Amino acid sequence: MDDIQGILNAMMRTAVDPQTAAVAIAVIGLNIHFGYTGLINIGQSAFMLLGAYGFAISITQGWPLPVAILVGLAVAFVFALVLGVPTLKLRGDYLAIVTISAAEIIRYVGRSGGYESLSNLTNAAQGIAGSQYRTPFTDLSPFPTGTTQLLPFNYLDVAGGSTVVRLLGWLVVVAAIWTAVRIGRRKVGLEGSTRTLAMVGLTALVVVLLFFLAPVSQRNTGVNGWWFTVVAWILVGISLIIVLGLTRSPWGRALKGVREDEDAMRSLGKNVFAIKMQALIIGGLFGAIGGMMYVLPAAVQPDALGRSITFFAYTALLLGGAATIWGPVLGSLIFFVGRVFLIGVANTYLSSDDYLNIMNGQQTSQFAFIIVGVALMLLVIFRPQGILGDKRELRFNV
Amino acid sequence: MSRTSVLERGVVARAAAFLVLSLLVAPLLLLLSSRSVEAATLCLPKKDETACIAGTMGSRAEPIEGVDVTLTKPDGSTETQTTEKDGKFAFTITEPGNYLVGVDEETLPKGSELRPPANAALRGPEGTIKVDNVQLGQNYGPVLTVRPKGFDDSTSKWDEFIQSSVNGIRLGLLLALASVGLSLIYGTTGISNFAHAEQVTLGGMVGYGLVNVAGLPLVVGGILVVIICGFTGWFQDRILWQPLRRRGLGLTQLMIVTIGLSLAMQYAFQYTVGARTVRVVVETPETRDFGSIRITDQSLWAMGIAAVVLALVGLALLRTRIGRATRAVADNPALAQASGIDTDKVIRLVWTVAMGLSGLSGILYALIVNGVKWDTGLQILLLLFAAVTLGGLGTAFGALVGSLIIGLVVELSPMVIPGDFKYAAALLILILLLLVRPQGLLGRPQRVG
Numbered sequence: 001m002d003d004i005q006g007i008l009n010a011m012m013r014t015a016v017d018p019q020t021a022a023v024a025i026a027v028i029g030l031n032i033h034f035g036y037t038g039l040i041n042i043g044q045s046a047f048m049l050l051g052a053y054g055f056a057i058s059i060t061q062g063w064p065l066p067v068a069i070l071v072g073l074a075v076a077f078v079f080a081l082v083l084g085v086p087t088l089k090l091r092g093d094y095l096a097i098v099t100i101s102a103a104e105i106i107r108y109v110g111r112s113g114g115y116e117s118l119s120n121l122t123n124a125a126q127g128i129a130g131s132q133y134r135t136p137f138t139d140l141s142p143f144p145t146g147t148t149q150l151l152p153f154n155y156l157d158v159a160g161g162s163t164v165v166r167l168l169g170w171l172v173v174v175a176a177i178w179t180a181v182r183i184g185r186r187k188v189g190l191e192g193s194t195r196t197l198a199m200v201g202l203t204a205l206v207v208v209l210l211f212f213l214a215p216v217s218q219r220n221t222g223v224n225g226w227w228f229t230v231v232a233w234i235l236v237g238i239s240l241i242i243v244l245g246l247t248r249s250p251w252g253r254a255l256k257g258v259r260e261d262e263d264a265m266r267s268l269g270k271n272v273f274a275i276k277m278q279a280l281i282i283g284g285l286f287g288a289i290g291g292m293m294y295v296l297p298a299a300v301q302p303d304a305l306g307r308s309i310t311f312f313a314y315t316a317l318l319l320g321g322a323a324t325i326w327g328p329v330l331g332s333l334i335f336f337v338g339r340v341f342l343i344g345v346a347n348t349y350l351s352s353d354d355y356l357n358i359m360n361g362q363q364t365s366q367f368a369f370i371i372v373g374v375a376l377m378l379l380v381i382f383r384p385q386g387i388l389g390d391k392r393e394l395r396f397n398v
Numbered sequence: 399m400s401r402t403s404v405l406e407r408g409v410v411a412r413a414a415a416f417l418v419l420s421l422l423v424a425p426l427l428l429l430l431s432s433r434s435v436e437a438a439t440l441c442l443p444k445k446d447e448t449a450c451i452a453g454t455m456g457s458r459a460e461p462i463e464g465v466d467v468t469l470t471k472p473d474g475s476t477e478t479q480t481t482e483k484d485g486k487f488a489f490t491i492t493e494p495g496n497y498l499v500g501v502d503e504e505t506l507p508k509g510s511e512l513r514p515p516a517n518a519a520l521r522g523p524e525g526t527i528k529v530d531n532v533q534l535g536q537n538y539g540p541v542l543t544v545r546p547k548g549f550d551d552s553t554s555k556w557d558e559f560i561q562s563s564v565n566g567i568r569l570g571l572l573l574a575l576a577s578v579g580l581s582l583i584y585g586t587t588g589i590s591n592f593a594h595a596e597q598v599t600l601g602g603m604v605g606y607g608l609v610n611v612a613g614l615p616l617v618v619g620g621i622l623v624v625i626i627c628g629f630t631g632w633f634q635d636r637i638l639w640q641p642l643r644r645r646g647l648g649l650t651q652l653m654i655v656t657i658g659l660s661l662a663m664q665y666a667f668q669y670t671v672g673a674r675t676v677r678v679v680v681e682t683p684e685t686r687d688f689g690s691i692r693i694t695d696q697s698l699w700a701m702g703i704a705a706v707v708l709a710l711v712g713l714a715l716l717r718t719r720i721g722r723a724t725r726a727v728a729d730n731p732a733l734a735q736a737s738g739i740d741t742d743k744v745i746r747l748v749w750t751v752a753m754g755l756s757g758l759s760g761i762l763y764a765l766i767v768n769g770v771k772w773d774t775g776l777q778i779l780l781l782l783f784a785a786v787t788l789g790g791l792g793t794a795f796g797a798l799v800g801s802l803i804i805g806l807v808v809e810l811s812p813m814v815i816p817g818d819f820k821y822a823a824a825l826l827i828l829i830l831l832l833l834v835r836p837q838g839l840l841g842r843p844q845r846v847g
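These protein sequence lines are chains L and Y, in that order. Counting with my numbering, you get residues 1 to 398 for the letters of the first sequence. Counting with my numbering, you get residues 399 to 847 for the letters of the second sequence.
Don't read these hints as lab results, they were simulated from the structure. Any given hint could turn out to be false.
Stated by the list, open to error - Looking from chain Y toward chain L, a few residues come up when the C-beta cut is under 10 Å (computed):
1) V544
2) Y584
3) L647
4) I654
5) T656
6) I657
7) M663
8) L779
Predicted, not measured: the structure shown is a model, and the values here were computed from it. Note that the Cβ used here is the ideal one computed from N, Cα and C, for glycine as well.
Working from the sequences, and respecting the hints, build out all of it.
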């Protein structure tokens with residue numbers, strides 16, 4: 001039971017991690033590109049990296065925090081323009097090749113030590129250490145110093161943390177999620193505000209129960225502390241509200257129109273190029289925000305924001321469901337938590353003398369990634385709409 | 399009698415114990431004593447107080463004694479140390495700033511001079527070495543090595559150009575082996591295969607397993623690599639791509655399936671051989687000189703094999719029935735099927751041949767760059783895509799031309815820009831070409847948007 005609790009705690013820690021939230025924001029941006037507009041942007045990591053560079057370098061140059069954020073966004077904006085002009089008029093697969101190439105160019109330039117004036121800013125492959133740009137953000141924290149545990153009242157306080165209590169708790173969680181899914185699919189006869197209320201209530205119950213069963217303890221303002229977590233998830237919330245507003249607007253419907261049938265949109269007198277460009281820019285700005293949030297608890301390292309982050313973002317997006325509001329967040333959560341679960345299970349059961357010992361410590365994380373790759377394939381083949389998506393929305397093609 | 403023998407035994411035992419003890423302690427004592435000698439010239443930086451500029455004159459294996467090493471401080475004053483037997487020098491710094499380290503040429507061994515650093519940014523005035531931006535609490539180690547006087551390692555621009563061109567053509571030919579297949583797959587099925595580069599890695603890895611681990615002769619191993627990799631292509635199409643074609647999965651989705659496959663394969667390589675570089679053959683290759691060109695035997699063989707195989711593939715595409723059928727399917731699958739070509743059979747063949755070719759490319763690449771790693775393919779994936787797009791998506795001969803161009807750009811660009819920009823340069827050329835000629839060099843001009 002201690003093994004399982006250890007894995008569960010690790011999963012919860014990942015679930016609230018600011019970097020998970022950061023990737024979720026980038027995936028929300030990717031959803032605007034890929035899900036709503038049908039643009040195959042395989043260079044989302046470049047938007048993240050550029051946002052991170054713009055932000056971190058501005059602060060190391062002594063500029064104030066708001067200016068630094070604006071610089072990060074501006075760099076991503078310019079990148080989207082430069083990327084869009086030559087490629088948005090071409091067929092979709094050209095955009096794919098150009099975006100991934102451009103992302104690699106950005107990474108190569110970032111990690112290059114060839115020009116002194118450049119590597120003085122970027123510090124080449126070593127990257128910029130987080131301590132050099134984190135302070136202005138940490139100083140904003142309204143939290144007192146110290147450590148806080150969510151929830152202070154947890155399973156250990158009930159019957160001494162007995163297995164029965166925990167099992168019961170997880171049963172309730174599973175039941176609540178099952179009910180929520182049924183309500184979501186309109187299998188239960190709830191309508192209108194009752195339905196919304198029931199969904200909100202069940203979600204709150206699940207969240208509270210999860211923290212009860214796997215309490216997370218973090219410092220308040222330190223690196224990766226609650227201040228980072230809270231800001232990151234608030235940003236996710238704001239992004240969701242923005243996307244909700246955008247996609248319900250006439251402009252949002254135009255996006256879907258471009259995805260479904262470009263020629264039809266053109267014949268209706270819409271400027272398809274402009275719509276695609278706007279989508280590319282807005283999604284890219286979300287990517288930049290995600291990038292800034294991603295590096296705040298870590299460091300700006302060009303190789304950490306490479307192709308694999310883009311691929312993970314696609315996996316998360318397809319897992320949650322492209323062209324849905326909640327898909328990116330749900331997908332990112334499941335992706336990162338699931339990876340930790342796989343690594344935890346492999347470490348505990350496949351790489352220890354107590355159970356099976358068929359792989360060594362390094363192989364466990366590689367094993368998890370092999371599963372991720374295979375899962376991505378199976379997902380696209382058998383459930384391309386993901387968990388929340390609508391299959392009819394995903395008939396687009398390059 | 400017995401008493402004395404006991405006594406003797408006691409003496410012997412004590413002596414033995416002393417011997418063992420001294421054997422154990424001696425290295426420790428040695429360690430301690432050597433430490434104390436080193437401490438005389440050792441410099442330890444203290445946070446916010448001192449920094450160190452220290453190193454060894456010559457190399458650790460061959461230190462040079464009696465050289466006057468001079469440190470020039472930011473204010474222009476100098477400090478000189480003469481190296482001892484261990485060649486070590488150590489300056490304690492109390493002021494942050496930009497320093498210069500040089501040696502007195504007179505004190506160097508006869509007929510040798512200080513080797514200027516490879517990075518031009520580190521070259522200071524009068525043969526000194528720059529140690530810029532010294533901060534307190536840090537260690538700095540300028541490299542002071544010597545070379546024979548009058549040594550000329552700056553070959554003429556022309557020689558460098560020729561050598562780089564040969565390297566470029568070599569890289570281009572190997573890229574072509576893989577990209578012809580990539581282009582044919584794109585042409586016949588529409589899939590942008592992101593896992594293609596992992597097939598190149600697979601070729602190198604299988605080669606490592608067969609030749610290095612299992613000990614097969616290189617030629618036999620190479621042929622087996624092509625057969626095994628070709629089989630993976632056949633097998634992939636049999637269990638994955640053909641069923642997906644039948645299901646009518648969209649091209650975007652297929653592309654993401656290949657991304658998943660590529661991820662799974664990369665980590666499967668890491669899982670089996672780890673993150674290290676493995677070599678197909680252990681011996682260091684022989685080199686040959688042709689005028690100013692220096693090239694290994696293996697590279698010559700690799701270029702020859704690649705050229706012959708590419709010529710055969712080209713001939714087959716142009717002259718044989720199945721080759722013509724392949725081009726027909728690449729051109730217009732629906733029309734090809736309507737005119738009686740078994741497209742499934744053609745596509746199966748394309749997958750098999752393409753994967754066999756990339757396996758060959760992988761083992762040859764592993765031979766010329768002296769090893770293969772889990773991300774070897776990943777590094778050239780974009781070069782492959784650049785080559786295919788440059789030449790014209792879906793055209794086999796375009797892929798060949800594109801590969802040679804990309805190979806030359808990658809190897810020649812370090813002559814004008816820093817070496818770590820060479821891949822970026824190739825990708826930039828791709829983007830610029832798409833601006834003016836989106837269909838690629840040999841692609842037919844058609845509306846692509």
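Restraint satisfaction for Y584 (chain Y) [CB to CB of chain L, less than 10 Å]: Interface hint status for Y584 (chain Y): holds (8 Å vs cutoff 10 Å).
Minimum beta-carbon distance criterion (10 Å), M663 (chain Y) to chain L: holds (7 Å)
Restraint check, 10 Å cut-off on beta carbons, for I657 (chain Y) near chain L: holds (6 Å)
Residue hint I654 (chain Y), partner chain L, criterion CB-CB below 10 Å: I654 (chain Y) check passes; min Cβ-Cβ to chain L is 5 Å, inside 10 Å.
Interface hint for L779 (chain Y), Cβ within 10 Å of any Cβ on chain L: holds (9 Å)
Per-residue hint verdict: L647 (chain Y), partner chain L, C-beta under 10 Å: holds (7 Å)
Closest C-beta approach of T656 (chain Y) to chain L relative to 10 Å, hint status: holds (9 Å)
Chain L contact restraint on V544 (chain Y) - CB to CB distance below 10 Å: This hint is violated: V544 (chain Y) lies away from chain L, its Cβ roughly 25 Å from the closest one there, beyond 10 Å.
In this structure, the one hint that does not hold is number 1.
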